[in-house]
Amino acid sequence: MSEIRLQGLYEEMLLLRHFDQLSMQLKLKDLIYSGYHPYEGQEAVAVGFCGALEKDDVLLSTHRPHCHAVAKGCTLEAVLTEMMGRVTGCSGGLGGGMQYLDPDHCFYCGSVVGSNLPIATGIGMAIKQQDLDRVCMCIFGDGASNTGSFHEALNLAAIWKLPIVFVCENNQFAEAMPVREFVACERIAMRARGYGLEEITVDGNDVEATRRVAQELIECTRRGKGPFLVEALTYRLRGHYVGDPEKTYRSREQVDMWRQKEPLTRARTKLLQAGVDAAELDAMEQAIENRLDALREWALQQAFPTLEQAVDHVYIPLAKGERTCP
Amino acid sequence: MSEIRLQGLYEEMLLLRHFDQLSMQLKLKDLIYSGYHPYEGQEAVAVGFCGALEKDDVLLSTHRPHCHAVAKGCTLEAVLTEMMGRVTGCSGGLGGGMQYLDPDHCFYCGSVVGSNLPIATGIGMAIKQQDLDRVCMCIFGDGASNTGSFHEALNLAAIWKLPIVFVCENNQFAEAMPVREFVACERIAMRARGYGLEEITVDGNDVEATRRVAQELIECTRRGKGPFLVEALTYRLRGHYVGDPEKTYRSREQVDMWRQKEPLTRARTKLLQAGVDAAELDAMEQAIENRLDALREWALQQAFPTLEQAVDHVYIPLAKGERTCP
Amino acid sequence: MSVITYGEAIRQAYQEEMRRDRNVFLMGEDVGRWGSLYRSSKGLLDEFGREQVKDAPISEAAIAGCGVGSALMGMRPIVEIMYIDFITIAMDQIVNHAAKWHQLSNGKVKLPIVFKTQGGAGRRNSSQHSQSLENWFVGVPGLIVVMPSTPYDVKGLLKSAVRNDNPVVFVEHKSLYSDKGEVPESEYLIPLGQADVKRAGEDVTIVATSWMVGFALKAAETLEADGVSCEVIDPRTLWPLDKETIIRSVKKTGLCLVVTEAPAEGGWSGEASSVIHEHCFRDLKKPVKRHCSIRTGIPYGPVLERQVVPNVESIVEAVQELVTQGSLIAV
Amino acid sequence: MSVITYGEAIRQAYQEEMRRDRNVFLMGEDVGRWGSLYRSSKGLLDEFGREQVKDAPISEAAIAGCGVGSALMGMRPIVEIMYIDFITIAMDQIVNHAAKWHQLSNGKVKLPIVFKTQGGAGRRNSSQHSQSLENWFVGVPGLIVVMPSTPYDVKGLLKSAVRNDNPVVFVEHKSLYSDKGEVPESEYLIPLGQADVKRAGEDVTIVATSWMVGFALKAAETLEADGVSCEVIDPRTLWPLDKETIIRSVKKTGLCLVVTEAPAEGGWSGEASSVIHEHCFRDLKKPVKRHCSIRTGIPYGPVLERQVVPNVESIVEAVQELVTQGSLIAV
Ligand SMILES: Cc1ncc(C[n+]2csc(CCOP(=O)(O)OP(=O)(O)O)c2C)c(N)n1
Ligand SMILES: Cc1ncc(C[n+]2csc(CCOP(=O)(O)OP(=O)(O)O)c2C)c(N)n1
Ligand SMILES: [Mg+2]
Ligand SMILES: [Mg+2]
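Those protein sequence lines, which keep their order, are chains H, B, A and U. Start counting the first sequence at 9; every next residue gets the next number (my numbering). Start counting the second sequence at 9; every next residue gets the next number (my numbering). Start counting the third sequence at 82; every next residue gets the next number (my numbering). Start counting the fourth sequence at 82; every next residue gets the next number (my numbering).
None of these hints come from the bench; they were simulated from the model. Here a beta-carbon is modelled for each residue, glycine too, at the ideal position from N, C-alpha and C. Each hint should be verified, as a subset may be incorrect.
Some chain U residues well away from chain B (every beta-carbon gap over 12 Å; in silico) [what the hints assert, rightly or not]:
1. Leu298
2. Asp323
3. Arg363
4. Glu398
The following label-pair restraints were derived from C-beta to C-beta distances [claimed, not checked]:
5. H/Arg304 <-> U/Gly188: 57 to 67 Å
6. B/Gln309 <-> U/Thr303: 29 to 39 Å
7. B/Gly251 <-> U/Ser395: 47 to 57 Å
8. U/Glu305 <-> B/Arg188: 53 to 63 Å
9. B/Gln138 <-> H/Pro111: 35 to 45 Å
10. H/Gln138 <-> B/Gln138: 53 to 63 Å
11. H/Gly232 <-> U/Val393: 55 to 65 Å
12. U/Arg101 <-> H/Gly232: 40 to 50 Å
13. U/Gly130 <-> B/Arg231: 37 to 47 Å
14. H/Pro111 <-> A/Gln401: 39 to 49 Å
Calculated lysine-lysine pairs in the DSBU-like style (CA-CA distance at most 30 Å, straight line) [stated by the list, open to error]:
15. A/Lys240 <-> B/Lys136
16. U/Lys261 <-> A/Lys333
17. H/Lys63 <-> U/Lys366
18. B/Lys169 <-> B/Lys233
19. U/Lys333 <-> A/Lys366
20. U/Lys299 <-> A/Lys332
21. U/Lys299 <-> U/Lys332
22. B/Lys63 <-> A/Lys191
23. A/Lys189 <-> B/Lys136
24. B/Lys63 <-> B/Lys169
25. A/Lys189 <-> A/Lys366
26. A/Lys333 <-> U/Lys123
27. B/Lys255 <-> B/Lys269
28. A/Lys123 <-> A/Lys189
29. U/Lys279 <-> U/Lys261
30. H/Lys37 <-> A/Lys332
31. H/Lys255 <-> A/Lys332
32. H/Lys63 <-> H/Lys233
33. A/Lys123 <-> A/Lys333
34. A/Lys191 <-> B/Lys136
35. H/Lys63 <-> U/Lys191
36. A/Lys332 <-> U/Lys366
37. U/Lys366 <-> U/Lys191
38. A/Lys123 <-> A/Lys255
39. B/Lys37 <-> U/Lys123
40. H/Lys136 <-> U/Lys332
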């Protein structure tokens with residue numbers, strides 16, 4: 009397993025943080041059209057888990073996918089312009105911010121909560137059957153763990169011993185629903201027992217921890233020890249979407265309390281303690297900001313899909329050449 | 009809690025055993041039309057659990073419901089003639105052997121596996137909200153524990169603390185699918201942990217045990233301690249349906265082995281050891297046989313529903329009297 | 082009369098019905114804390130508490146089943162499925178249980194459930210959040226299907242749906258919540274199963290549903306200027322259908338355009354068109370024309386999603402083609 | 082030609098396709114050990130092993146999703162949903178994912194999945210096991226919908242469905258599995274999207290689907306004796322529909338009866354009827370008549386379930402009403 013370098017992980021998290029902020033600005037300018045789901049505070053999950061996958065490992069994500077996608081290797085250009093509905097987006101601008109497919113980077117997300125888990129079983133089954141050196145990772149939220157899809161998929165993956173790492177990104181809320189109140193068990197990891205799996209929980213705000221656990225589980229899965237279910241404990245610092253009336257379900261104090269534990273500050277502090285030069289980190293951050301400014305300018309220049317492109321590929325026309333009845 | 013009298017329970021099991029045999033004969037004569045699912049070997053579950061309910065407690069059953077129904081208090085006449093499609097049946101002969109409703113006895117069953125669990129949550133919720141001194145019992149099979157409905161319903165029941173006793177009747181098979189191979193966890197009761205509930209398992213072939221556990225759980229549920237999930241371990245001695253090619257999924261030996269443990273023999277042996285007179289038990293059995301012979305004759309005389317009855321009550325016609333727009 | 086939004090009209094309907102009958106309750110994802118996605122239940126949690134306003138986990142199958150069970154026990158659930166696209170997860174409970182138990186009990190069991198959801202495009206939500214699936218339910222015996230297009234209709238119909246003892250699938254439209262319209266201060270009900278002539282006319286009958294009704298009315302204005310008088314009919318209830326009102330109109334005009342957001346194939350437009358042909362064949366100058374969305378997933382973004390769905394201009398064109406002498410769809 | 086059953090024809094189609102392409106696999110509840118409920122995959126587990134014949138737990142949503150995922154990876158799943166009534170549990174995967182990913186990937190992703198199920202009445206299974214829900218899928222862009230009525234058709238169409246790169250909803254009929262018919266020894270395919278004229282005639286066109294086709298053919302014989310010549314057309318594929326074949330026939334006969342097992346309201350009969358009116362309006366002597374099941378849950382038992390569904394006698398009557406001069410459906 010590759011050595012874990014905190015500074016590199018910190019840089020990746022910084023990129024996601026700023027990418028999320030850029031996206032939020034564009035959303036506020038109404039340049040992103042669908043509901044935009046901010047990722048601030050959860051970067052250690054995307055970087056630790058999604059970032060630990062190889063290019064041809066498959067990642068299935070959610071309605072809050074942009075940072076998962078970037079960490080997996082999708083280009084910033086494709087992800088941002090998909091949210092902006094431009095033809096250069098992952099799905100040619102037809103899917104928008106919650107549902108796009110990037111087959112070249114083995115990344116797929118969708119906006120129906122929980123529905124990516126059953127799809128993961130098929131990917132895992134194909135990987136196993138074709139004996140490929142790949143794994144499937146399926147990431148979903150605490151709310152998704154209440155769906156029937158979660159249960160049916162975990163049971164199927166477990167009885168067929170499929171090479172899948174199921175990552176439950178517990179950010180404490182499903183929209184306005186606090187996990188404590190809507191998930192019956194104390195920790196979602198406890199559901200593993202119902203599928204004959206071990207209970208694995210990780211501090212989702214500690215990027216070294218998430219990366220270490222991710223590497224281990226991916227490694228074990230490659231060796232045929234899958235599936236695994238891991239719960240990463242984190243916190244959504246922003247509203248569910250831009251404009252979410254947060255006060256209806258949580259207090260400022262709670263948010264501030266969690267802000268103390270947010271992953272970037274934690275990583276930076278640790279790096280400084282380890283003697284890394286603050287100026288070096290600031291320069292790193294500056295470079296990212298510059299990169300994203302350029303990205304923004306570029307993105308705004310991109311074209312929208314045409315109506316012809318929008319209604320193309322609804323289905324594959326039936327081949328007239330097909331052999332007909334004798 | 010009412011004292012448990014083995015002889016009474018044995019008599020109830022005998023009734024179910026003979027009722028099941030009578031039904032099977034009628035099925036072989038093609039007087040029962042839908043797939044008939046035999047119950048032989050599982051009588052201690054129906055008698056122990058369903059028989060422990062009060063008249064106005066609600067029972068939700070499955071596609072193998074006839075013994076659950078009788079144990080709950082539905083009349084033999086209504087249950088048998090429903091299977092035979094006669095107008096005297098629970099559902100007026102329109103539902104058949106796998107789906108009928110007997111509101112007068114608070115008994116409801118359906119033929120979609122797992123779908124009774126979500127319905128139970130609504131009944132439990134209404135009981136709790138209306139503060140009624142009633143409980144809901146929902147019985148289902150090992151196979152049903154793999155459905156999304158199971159998971160969603162248990163979580164909902166648990167977070168809302170509903171007065172429901174969920175009974176998983178593990179008869180080792182879902183059609184031709186052995187539980188060992190298709191349910192990922194060692195014991196289905198282990199799934200309780202995923203809903204913050206305790207793991208409860210009971211020997212489903214020991215009628216005193218099932219009745220004791222049933223009484224305790226129902227009692228606790230009445231006192232607001234619900235919900236509960238209990239797994240009753242038993243074995244389906246007959247095929248899934250009459251005509252099931254059993255050899256495709258289990259050996260004669262396995263069936264014979266389990267036949268040693270079947271609940272009636274066990275109860276009878278224990279009664280004899282306790283000094284009960286064999287002749288008394290035989291007389292008891294003879295009485296039941298006579299009763300069922302009479303039932304059979306009566307049932308064959310009953311009429312079939314008319315087409316008018318069959319297409320009535322599809323919906324409640326809209327009241328013409330409704331106040332119209334001002 | 083006061084002028085309120087479609088969303089507010091829904092809120093008032095909830096409020097009046099929940100006050101009238103404590104057995105009426107609303108259940109769904111974030112109907113409480115948030116007051117539901119489009120705020121149509123805002124403030125109700127405070128007034129009615131958790132007994133009547135229940136936030137439910139992401140478990141559409143369980144929520145729907147909970148509706149069935151509680152209705153069985155005499156309660157009157159309003160089950161909200163946030164997007165009609167997610168009703169795909171609740172179909173078993175709605176179709177195999179809610180729709181069938183009344184008949185299976187020979188009329189003894191009543192299931193007064195309102196399965197309330199919203200569909201359609203116009204909010205830039207892309208293909209998994211913008212579908213028009215209402216015709217699925219028209220095909221299921223035992224269900225009533227309602228699709229209101231105005232604040233006045235949604236309030237009166239929702240109140241009737243809550244009081245009706247059948248399971249009702251009540252389909253709102255996400256693009257209508259902020260539409261304003263006049264609604265009486267005093268209480269009123271609108272009977273289920275009654276179409277509404279939204280505009281009287283002589284030359285062409287336009288039968289339109291939900292979001293399409295407003296477009297049809299605007300198109301009718303434009304056409305009026307060109308001297309084409311359109312009668313616009315909103316069935317409001319897709320099943321049972323008020324055939325009389327539609328037939329009366331088509332017998333008068335002899336020309337009919339059916340406008341739905343759902344693509345033509347397999348959608349409700351086929352049902353409407355068939356009924357009209359069956360009853361008005363001799364009166365029709367031309368076959369009924371269906372004007373529906375392009376058969377595609379709804380694309381993302383503000384421009385494209387409106388291009389694949391019928392709009393004012395396209396409706397005007399469709400009517401003009403209809404009134405143009407002799408023009409007949411070629412094979 | 083050899084005479085085999087509908088069930089055996091399905092088995093042969095599986096066998097030939099699985100031998101031809103190891104990526105083709107069958108997955109569903111008891112498709113292996115049992116060889117599926119109606120034995121249409123009997124013996125295949127022995128020949129192909131668990132890699133190509135997979136018994137799956139009672140998890141319709143997961144099974145359908147497993148089909149999507151494995152197809153994404155280049156496999157060619159045949160996903161069996163034991164009864165169409167249970168497809169209610171798999172709708173999200175079929176409608177929101179399988180049907181939409183090809184377009185969402187701009188054509189890059191192909192999902193060659195066959196969602197195979199069986200519907201309809203005739204086996205005394207009552208209302209939760211006898212529904213006709215096929216029109217739901219006709220309304221979903223991205224899906225192909227097939228409904229074969231004979232051993233010959235089911236084999237040729239299933240093989241084509243397996244080879245097609247679109248998700249295909251393939252609806253068999255539970256009452257047809259033991260029907261016998263001639264099937265060529267040599268391999269053959271039947272193109273999707275091609276209707277079949279099951280019987281040529283001059284006076285009336287009968288468009289019938291699935292189980293209804295056989296009834297329509299028997300009715301045609303009876304009517305022949307009365308001097309009424311019927312042309313019976315089986316669309317075989319409900320979408321995309323072979324309109325040409327149907328239109329050509331109706332232009333010739335000028336009278337058309339559409340027979341489906343699904344109740345008229347919201348069912349495919351409305352789609353067929355509309356298409357015919359739209360294209361044959363001037364040729365029709367009377368409006369297209371729909372003859373469908375009574376709008377009810379399918380009652381239990383051998384007698385009643387056949388009384389609520391169209392049968393030979395009722396089809397004969399419907400045609401006679403159609404050919405009787407002047408008789409028109411009153412309002
Ligand atoms: C099946 C389904 N039900 C409801 C929704 C509406 N919805 C979108 S996001 C969301 C909350 C999801 O919570 P969680 O799984 O914890 O993910 P998070 O938003 O916290 O990342 C809900 C209910 C949906 N998209 N799909
Ligand atoms: C949703 C659904 N899928 C499949 C079936 C077909 N089916 C009927 S009974 C059965 C097995 C059920 O097994 P289990 O829950 O263990 O109950 P048992 O038959 O053992 O009593 C299956 C798969 C069904 N009725 N419903
Ligand atoms: Mg969450
Ligand atoms: Mg079982």
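Each hint, compared with the structure:
1. Leu298: Given that every Cβ of chain B is farther than 12 Å from that of leucine 298 of chain U, nearest at about 25 Å, it holds.
2. Asp323: Aspartate 323 of chain U clear of chain B: closest Cβ-Cβ about 34 Å, beyond 12 Å.
3. Arg363: 38 Å, holds
4. Glu398: 16 Å, holds
5. H/Arg304 <-> U/Gly188: 57 to 67 Å: 29 Å, violated
6. B/Gln309 <-> U/Thr303: 29 to 39 Å: Hint holds: Cβ distance 37 Å, inside 29 to 39 Å.
7. B/Gly251 <-> U/Ser395: 47 to 57 Å: Check failed, 32 Å falls outside 47 to 57 Å.
8. U/Glu305 <-> B/Arg188: 53 to 63 Å: 59 Å, holds
9. B/Gln138 <-> H/Pro111: 35 to 45 Å: Once the Cβ atoms are compared, 54 Å apart, the range 35 to 45 Å for proline 111 of chain H and glutamine 138 of chain B is violated.
10. H/Gln138 <-> B/Gln138: 53 to 63 Å: 56 Å, holds
11. H/Gly232 <-> U/Val393: 55 to 65 Å: Because 58 Å falls inside the window, the suggested range holds.
12. U/Arg101 <-> H/Gly232: 40 to 50 Å: 30 Å, violated
13. U/Gly130 <-> B/Arg231: 37 to 47 Å: 54 Å, violated
14. H/Pro111 <-> A/Gln401: 39 to 49 Å: 44 Å, holds
15. A/Lys240 <-> B/Lys136: Distance ~26 Å between lysine 240 of chain A and lysine 136 of chain B Cα, so the pair holds.
16. U/Lys261 <-> A/Lys333: With Cα atoms ~52 Å apart, lysine 261 of chain U and lysine 333 of chain A exceed 30 Å; violated.
17. H/Lys63 <-> U/Lys366: Between lysine 63 of chain H and lysine 366 of chain U the Cα gap is close to 65 Å, so the pair fails against 30 Å, i.e. violated.
18. B/Lys169 <-> B/Lys233: 7 Å, holds
19. U/Lys333 <-> A/Lys366: Roughly 21 Å between the alpha carbons, so the hint for lysine 333 of chain U and lysine 366 of chain A holds.
20. U/Lys299 <-> A/Lys332: The given pair, whose Cα atoms are some 37 Å apart, is violated under the 30 Å limit.
21. U/Lys299 <-> U/Lys332: Measuring from Cα to Cα gives roughly 23 Å; hence the hint holds.
22. B/Lys63 <-> A/Lys191: 20 Å, holds
23. A/Lys189 <-> B/Lys136: 23 Å, holds
24. B/Lys63 <-> B/Lys169: 23 Å, holds
25. A/Lys189 <-> A/Lys366: 48 Å, violated
26. A/Lys333 <-> U/Lys123: At roughly 61 Å apart (the allowed maximum being 30 Å), lysine 123 of chain U and lysine 333 of chain A break the hint.
27. B/Lys255 <-> B/Lys269: Distance ~21 Å between lysine 255 of chain B and lysine 269 of chain B Cα, so the pair holds.
28. A/Lys123 <-> A/Lys189: Violated, because 36 Å separates the two Cα atoms, which is more than 30 Å.
29. U/Lys279 <-> U/Lys261: 16 Å, holds
30. H/Lys37 <-> A/Lys332: 51 Å, violated
31. H/Lys255 <-> A/Lys332: 57 Å, violated
32. H/Lys63 <-> H/Lys233: The given pair, whose Cα atoms are some 21 Å apart, holds under the 30 Å limit.
33. A/Lys123 <-> A/Lys333: 45 Å, violated
34. A/Lys191 <-> B/Lys136: Status holds; Cα separation ~20 Å.
35. H/Lys63 <-> U/Lys191: 20 Å, holds
36. A/Lys332 <-> U/Lys366: 18 Å, holds
37. U/Lys366 <-> U/Lys191: 45 Å, violated
38. A/Lys123 <-> A/Lys255: With Cα atoms ~16 Å apart, lysine 123 of chain A and lysine 255 of chain A stay inside 30 Å; holds.
39. B/Lys37 <-> U/Lys123: Holds, because 27 Å separates the two Cα atoms, which is no more than 30 Å.
40. H/Lys136 <-> U/Lys332: It is violated: about 55 Å lies between the C-alpha atoms, which goes past 30 Å.
Checked against the numbered hints above, the structure breaks hints 5, 7, 9, 12, 13, 16, 17, 20, 25, 26, 28, 30, 31, 33, 37, 40 and satisfies the rest.
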